[in-house]
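**Q** The primary structure of each chain is shown beneath.
Number of protein chains: 2
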Amino acid sequence: MLPIAIDVMSGDSEPREYVAGALRALSDDAQLQLLLVGDAALIERELQGAATPLRERAAIVAASQVVTMEEKPREAIRHKKDSSMRVAINLVHEGRAAAAVSAGNTGALTAIAHFVLKTLPGVERAAIISAIPAAHGLTQMLDLGANTKATPEQLRQFAAMGAIIARDVNGIASPRIGLLNIGEEDMKGHEGVQAAHALIGASGLNYVGFVEGNDIFSGEVDVVVTDGFTGNVALKTMEGVAGLIANRMRQEFQASLADRIAGLIARPVLRRAAAGLDPRRYNGACMVGLAGIVVKSHGHADRVAFARAIGTAALAARRDLTRHIAQALHAEGTRS
Amino acid sequence: MLPIAIDVMSGDSEPREYVAGALRALSDDAQLQLLLVGDAALIERELQGAATPLRERAAIVAASQVVTMEEKPREAIRHKKDSSMRVAINLVHEGRAAAAVSAGNTGALTAIAHFVLKTLPGVERAAIISAIPAAHGLTQMLDLGANTKATPEQLRQFAAMGAIIARDVNGIASPRIGLLNIGEEDMKGHEGVQAAHALIGASGLNYVGFVEGNDIFSGEVDVVVTDGFTGNVALKTMEGVAGLIANRMRQEFQASLADRIAGLIARPVLRRAAAGLDPRRYNGACMVGLAGIVVKSHGHADRVAFARAIGTAALAARRDLTRHIAQALHAEGTRS
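If you read the sequences in order, they're chains Z and R. Residues 46 to 381 (my numbering) are what the first sequence spells out, left to right. Residues 46 to 381 (my numbering) are what the second sequence spells out, left to right.
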């Protein structure tokens, strides 16, 4: 496999945290090679303490600019041609990297990825997809925020791409697809989801119909399709609820000495329950539908979470996701 | 206070569960009087075991039809004129009840409420609002699903109504309002939220700008405004995450004998942590913006949750919410 290009400069965390995440990913995966993109002197400094077997698999690619979290997508394309984000994506386009990973500004990342890599034939807009922990495994959900809206035809394309990810990444032969709506009955929702419902229903996919927000976790579907606005709100809502519950429990287990002792006794069990739900474990959302793999890490990712995002990119590259999506969409195009 | 009209027939639970919830509400609130609307013989039967002091405050109003969960809103208006839902709302319109409560089909309830009660001057569409547990108290969120979309002007009206609820129900003098979006920066989101951002910003409300899904729980705003599609997906997503976490914990605390013992020791602490988050405690979402109070209970509500929804209706009636919203919107109208 080609190396993976890592933008270590963009995001809410410090570059040193992303470099540490990159080293962690190298240590987790002995076959992995990385191109660390950004301020060469800074990266060099952060790599100094690293063990030789890791250091040897990390090359540095210099980039003189950084796309900020506030940067408008169009400005980023025009004025940040030597940014770590742009250079990382260029490396994919030039065939020098198997994938690019960035924790930066989603809008700019989406815009630059579309501009440099272009979408695959049959795809109008790329979508961001990620696995969400559910009752009996994982649910793949898209779009998590690459776009602020989606046409019915784009939702149909998202459904087709989601099905391929669930098949190739989660090993599900005929993934069950649900379209997010505010009721399960056929007549519910606005005209946009109604039109998408008809299109996906006629697509030959294993479409089970409308699902609601709680079905993301029910295990009754393998793929949940929605527009990037709704998907992003749902994703951030999940994070918010999980954080609120964790905080409440922490507070209550510190309320008195007896509570603290109960907490010590319960801790191993609570840790096990939390392990499967830790959002850091699921960090790294793939942007799918482009002629190349781009993985978006959470902006606030720490080294553990960032290493996971790199792992997601490596998995996508090894499974040859881009080619599979292109083939499936091509097959669909010839069929219809 | 006038009695509250309770539709005991509509929803996913059995009528007996809703009647039991009504009795529970009567027992919680000694000043409360109820009109139980539906199949008179059935209600009579369910009330037979009730203590006299409760039974005396519950009158029966017969209704021969039931609006089903699948019923189209328009059909419900046309063909279910003697349904428990319609009769309960009629009682509010006729000045015989202070509020109506139903666990039925949201679409039909919204349509019938608009048809019978009409919106207040200055309100185009009513919205469903509910309190959501957050880091330092509660966040009021609307619209949770009365409408499948909202214009920027409707979002501005929702913001104005949300501010009044946060003031009158939660006692916050100058509630901080946030508009749900997929990023906090001013330029994020589609043109609909952009236009609403400008309108609410110019409204004189204490508007803090865009917020993201996790801010529903952060305690940094008192009111979160969004369209009914996004709001409903977010609400169901919250329920789904909370349920998933609760199930995982239950499983882990049963994995072995040692885990079961740890669970017994931790149970009182976990109960306390869960108490503030129990969705049943927050059941009962107000439909605001109508010339009368209508409260929507969760369809799957059990007696505990349904009693809470009745409590929400009683509180809204006692705080004279309809008059306050009308006054505030009128004052706004004269100002602009």
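Please keep in mind that the hints were generated in silico from the structure rather than gathered at the bench. Please note that the accuracy of each hint is not assured.
The list that follows gives simulated cross-link-like pairs (lysine-lysine, BS3-like), each with its CA atoms no further than 27 Å apart [unchecked claim]:
1) R:K126 / Z:K233
2) Z:K233 / R:K194
3) Z:K233 / Z:K194
4) Z:K233 / R:K163
5) Z:K163 / Z:K126
6) Z:K117 / Z:K233
**Q** Does the structure keep K233 (chain Z) and K163 (chain R) at a Cα separation of 27 Å or less?
**A** Given that 27 Å is the threshold and the Cα spacing comes to 22 Å, the pair holds.
**Q** Given the hinted pair K233 (chain Z) and K194 (chain R), is their Cα-Cα distance within 27 Å?
**A** holds, 12 Å
**Q** Take a quick look at whether K126 (chain R) and K233 (chain Z) sit within 27 Å of each other, Cα to Cα.
**A** Given that 27 Å is the threshold and the Cα spacing comes to 22 Å, the pair holds.
**Q** What's the verdict on K233 (chain Z) and K194 (chain Z), does the C-alpha distance respect the 27 Å limit or exceed it?
**A** holds, 19 Å
**Q** For the pair supplied as a hint, K117 (chain Z) and K233 (chain Z), is the alpha-carbon distance within the 27 Å limit?
**A** Measuring from Cα to Cα gives roughly 36 Å; hence the hint is violated.
**Q** CA of K163 (chain Z) to CA of K126 (chain Z), is that 27 Å or under?
**A** holds, 17 Å
Consistency with the previously given hints fails for number 6 only.
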